[in-house]
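Chains as they are written, first to last, in the working numbering: chain A, 1 to 111; chain B, 1 to 113.
No lab work stands behind these hints, which were simulated from the structure alone.
Please read these numbers as outputs of a predicted model, since none were measured by experiment.
Where hints are given, some of them may not hold.
[Unchecked claim] With a Cα cut of at most 30 Å, we get these calculated DSS-like pairs of lysine-lysine:
no., chain 1, residue 1, chain 2, residue 2
1, A, Lys69, B, Lys41
2, B, Lys66, A, Lys98
3, B, Lys55, B, Lys14
4, A, Lys110, A, Lys54
5, A, Lys69, A, Lys54
6, B, Lys20, B, Lys55
7, A, Lys69, A, Lys52
8, B, Lys64, B, Lys41
9, A, Lys54, A, Lys3
10, B, Lys41, A, Lys98
11, B, Lys14, A, Lys3
12, A, Lys3, B, Lys64
13, B, Lys64, A, Lys98
14, A, Lys3, B, Lys41
15, A, Lys98, A, Lys52
16, A, Lys110, B, Lys41
17, A, Lys98, A, Lys54
18, A, Lys3, A, Lys69
19, B, Lys14, B, Lys64
20, A, Lys98, A, Lys3
21, A, Lys3, B, Lys66
22, B, Lys66, B, Lys20
23, B, Lys66, B, Lys14
24, B, Lys20, B, Lys64
25, B, Lys41, B, Lys66
26, A, Lys52, A, Lys3
27, B, Lys20, B, Lys41
28, A, Lys110, B, Lys64
29, B, Lys14, B, Lys41
30, A, Lys69, B, Lys20
31, B, Lys55, B, Lys66
32, A, Lys98, A, Lys69
[To be verified] Some, not all, of what chain A presents toward chain B, calculated at C-beta under 8 Å:
no., residue
33, Asn30
34, Thr34
35, Pro44
36, Phe46
37, Tyr51
38, Pro65
39, Leu99
The beta-carbon is built from N, C-alpha and C at its ideal position, and this holds for glycine as well.
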Amino acid sequence: LAKTTQPISMDSYEGQEVNITCSHNNIATNDYITWYQQFPSQGPRFIIQGYKTKVTNEVASLFIPADRKSSTLSLPRVSLSDTAVYYCLVADGAAGNKLTFGGGTRVLVKP
Amino acid sequence: GAVVSQHPSWVICKSGTSVKIECRSLDFQATTMFWYRQFPKQSLMLMATSNEGSKATYEQGVEKDKFLINHASLTLSTLTVTSAHPEDSSFYICSVSDRVGYTFGSGTRLTVV
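Using the sequences and the hints, build the whole thing.
This is the structure we're talking about:
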């Protein structure tokens with residue numbers, strides 16, 4: 001399983017863009033990169049998933065360089081409710097394969 | 001992804017008693033579910049992989065006789081914490097491996113007093 005490394009914490013202000021970079025040097029060919037968001041006392045919630053280049057949905061963008069050894073989650077114009085822990089995970093997505101969490105990044109959005 | 005329901009959301013029990021936590025996949029037949037434990041300010045730690053119709057696979061260091069997992073149907077996996085002690089107090093989260101990836105339950109806060 002590819003190991004992921006993220007910053008432990010990041011502070012931001014309302015309305016700013018937040019970019020969280022995750023390194024995964026040992027990513028395998030079949031691995032996808034998935035980001036989850038977790039609020040206190042709740043289960044993780046899917047944000048976005050990608051394999052290469054750029055993926056965008058209604059809440060975030062995911063940038064993946066050609067070598068796929070890192071990825072950057074971009075949260076545009078954050079609000080106070082985006083304060084949470086964000087996890088980057090790498091897995092091949094095959095049904096039944098276990099998902100192992102790294103440390104995550106604690107994002108604090110200030111008014 | 002699948003719709004996952006976890007119950008109860010919180011439970012308080014006395015030391016020495018057993019507690020059962022249920023994880024239901026409401027709209028997806030899940031052959032595989034996962035159980036995680038999360039201590040305050042820490043990441044999720046995988047405890048075991050629950051396989052429908054067969055024995056669960058436990059991660060290293062997780063006592064299978066203490067954390068009993070039953071996955072008797074494609075929609076239900078249960079985790080029973082037996083002879084609970086205060087150090088078992090934690091946040092327990094289940095996950096379903098579905099057609100688009102992984103969907104997590106809302107978690108169960110267990111407090112052993």
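Given pair status - Lys41(B), Lys20(B), alpha carbons within 30 Å: Answer holds: Lys20(B) to Lys41(B) is near 24 Å, not above 30 Å.
Pair hint Lys14(B) and Lys3(A), alpha-carbon separation not exceeding 30 Å: It is violated: about 38 Å lies between the C-alpha atoms, which goes past 30 Å.
Hint check: Lys41(B) vs Lys98(A), CA-CA at most 30 Å. Holds or violated? holds, 22 Å
Quick one, are Lys3(A) and Lys64(B) close enough, alpha carbons at most 30 Å? holds, 26 Å
Satisfaction of hint between Lys41(B) and Lys69(A), Cα-Cα up to 30 Å: holds, 27 Å
Straight-line Cα separation of Lys52(A) and Lys3(A) no greater than 30 Å? Holds. Lys52(A) to Lys3(A) sits at ~18 Å (cutoff 30 Å).
Can the restraint linking Lys66(B) and Lys14(B) be considered satisfied, given a maximum Cα separation of 30 Å? holds, 16 Å
Going by Cβ atoms only, is Asn30(A) closer than 8 Å to chain B? violated, 14 Å
For Lys98(A) and Lys52(A), compute the direct alpha-carbon distance and say whether it is at most 30 Å. Roughly 22 Å between the alpha carbons, so the hint for Lys98(A) and Lys52(A) holds.
Is the interface hint satisfied for Phe46(A)? The criterion is a beta-carbon contact with chain B at less than 8 Å. With a closest approach of 7 Å, the Phe46(A) hint holds.
Is it true that the CA of Lys98(A) sits at most 30 Å from the CA of Lys69(A)? At roughly 21 Å apart (the allowed maximum being 30 Å), Lys69(A) and Lys98(A) satisfy the hint.
Run the distance test for Lys66(B) versus Lys20(B): straight-line Cα separation, threshold 30 Å. holds, 12 Å
Checked against the numbered hints above, the structure violates hints 11, 28, 30, 33, 37, 38; every other hint is satisfied.
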